[in-house]
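Q: These protein sequences, in sequence, are chains A and B.
Under the working numbering, the first residue of the first sequence carries the number 1, and numbering increases by one thereafter.
Under the working numbering, the first residue of the second sequence carries the number 1001, and numbering increases by one thereafter.
Hint data in this document are derived by calculation from the structure and do not stem from the laboratory.
Certain hints may be false.
[As the list claims (entries may be wrong)] Chain B side only, calculated, beta carbon under 10 Å to chain A, not exhaustive:
1. Ser1013
2. Arg1014
3. Gln1015
4. Asp1064
5. Ile1065
6. Leu1068
7. Gly1078
8. Ala1107
9. Arg1153
Cβ atoms here follow ideal geometry from the backbone N, Cα and C, with glycine treated the same way.
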Amino acid sequence: MTLFEVGYAYWRHKRLAAALTVLLTALGVAIATAALGLAEQLTARAARDARGIDLVVGAKGSPLQLILSAVFHADVPTGNIALGEAETLQRHALVRFAIPLALGDSVGGFRIVGTTPDLIAHYGGPMASGRMFGSSMEAVLGAEAARKLRAGPGDQFIGAHGMAEGGPAHHDHPYEVVGVLAPTGTVLDRLALTPIESVWDVHAAHQGPAPEREITALLIGYRTPLAAASLPRQINTASRMQAASPAFEIARLAALMGGGLDALRGLAAVLLAAGALAMLAALVAALDERKTDIAVMRALGASPGRVMRLILGESFALAAIGAVLGLAFGHGALAAIAWQAPGAALDPWMPIAEEGWIAVLAMALGPAAGLWPAWRVYRQDVARTLSEG
Amino acid sequence: MVRVDGLRHAFGSRQVLAIDRWQVDRGEAWLVRGASGSGKSTLLHVLAGLLRPSAGRVEIDGQDIGALSDRQRDALRGAAIGIVFQNLHLVPSLTLRQNLSLAPLMAGLPSASAAIEQRLARLGLGRRGDDRPAQLSRGEMQRVALARALINRPKLLLADEPTASLDDVNTDLVATMLIEQAAEVGAALVVATHDARIAPHFAKALTLS
Ligand SMILES: Nc1ncnc2c1ncn2[C@@H]1O[C@H](COP(=O)(O)OP(=O)(O)OP(=O)(O)O)[C@@H](O)[C@H]1O
Ligand SMILES: [Mg+2]
């Protein structure tokens, strides 16, 4: 027999207490893992969506709103800009690419984006089936949009006015799906893409031809990083348009939400501490119950150090099991969230940056919780305990 | 085996133990008697090195235990002393086999599986090694507790009130068993009791007052 077997036998004997202790630790670790994982992946996701886009140009208004609507497709646009002005900008010497976007309609909650194949190329989405859109009213669906709409090449769909589900439908202008994209893990997965002319044609039919052709926004990549110094200011002061930098707005948003992330980390720490307290309570209760067992071990010749090793080893083992279970539960929770909200494009099994720390902390809290009980064992009056019975 | 000189122990200001000279030789069986509160258990705790006496010299197997470090005393207790408690104190979460294995494990001695199996068989518990103490009768528990105290082949076996709450027949059985098994491993035996019924089994007695 080994010390390990002695500890194992005890906690097997007290399975309920052991299970509850492990579960409480696991719960703290799980919530910490899931919360931090969610925050981390959403941040990474935002970075993926904005990668390579140096500047977004759209109608004047809130720069954050412009970025949210044109890059993340998560807000209503600030308005429209004149096609002429946009085309001038596309030819600007400092601009390497400028992808036009025309927004306004949606299908089944997925946005219909009038654009050029350049947008798809930018996110690097290969076709899963069918072909690229060519003429007006042809559409290519992002992977998730296609899955949710159960649509593929050859199918038709009706656009609804507005960004939300349930807007007035454009029944007389059905779109024809000509292709479906492979998943990219970006916002592209949740879009229905079509030539910009489709959007013009649908709205011309409804509101009469516009006096001037308009688009919603331009996604711009700089020819040189130096462009950042002059181009945005030039646009913001000398045109009717607004230029906003995704990197800057995301940083602003992150600073705003940074407090939230810190709060989340704090909550995680509190939950881990609660797990440790539960462990302490369990160990203290166990110790009172085991006082006699431990006195017997001393009577059989165990040094106080040997008994302390037993107690600390047990608390470490319980905490380690709790930590491992907690990481599994945490990723399980992420998997459940990913399943519930596929739009978030979470990868539930991707390791989280703080994961190692959470595990180390949880495992360290075990012996920390065990220290005091172990000290009490060390100080125990063995003779007295033995004659008390 | 045991030599006591000028032993005194007091809890606070109250003296509970005073023995001027006492000697137990190798293989002897002694009875320590006295009324309740006369210090019998206290004496056993001192002999076991679980309690430091207020004054006096105690030698176990030639070693002055007052001169030993805590660690050395723990080691001496593990290797040379076996203890049987009135309440037996088998560990409820461990099987009988594990309860016996606890002795070498805690003493830091090599595991004695062969000796353990042999003892279990001798106790008529050969097939019940995986049972837990709660599944045993009081008499069986008594035998397991004694077996645990003897596994490490101690030189001194201490028993505190081993026959309390036993009927006459079992009192005789336990007394006989203690004396026989201590003799078998060559251990000196010191039994503390206020139970007059077992006195006839012992040739030597120390009376505390
Ligand atoms: N840890 C302690 N602290 C204070 N007093 C103690 C302690 N242990 C024992 N005593 C006291 O010392 C005296 C002797 O106790 P001890 O247990 O040695 O007596 P005993 O002869 O074994 O009695 P019994 O036959 O009832 O078991 C008693 O009065 C007891 O109350
Ligand atoms: Mg007593």
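Q: Now look at each hint and say whether the structure bears it out.
A: The hints, checked one at a time:
1. Ser1013: Cβ of Ser1013 of chain B sits 18 Å from chain A, so the hint is violated.
2. Arg1014: Since the shortest Cβ distance to chain A is 15 Å, the answer is violated.
3. Gln1015: violated, 17 Å
4. Asp1064: Check failed: Cβ of Asp1064 of chain B comes no nearer than 19 Å to chain A, outside 10 Å.
5. Ile1065: violated, 13 Å
6. Leu1068: violated, 12 Å
7. Gly1078: The hint holds - Gly1078 of chain B has a Cβ within 10 Å of chain A, the shortest such distance being about 2 Å.
8. Ala1107: Holds, about 4 Å.
9. Arg1153: At 13 Å from the nearest chain A Cβ, Arg1153 of chain B fails the 10 Å test, so the hint is violated.
Hint check: violations occur at hints 1, 2, 3, 4, 5, 6, 9; the rest are consistent with the structure.
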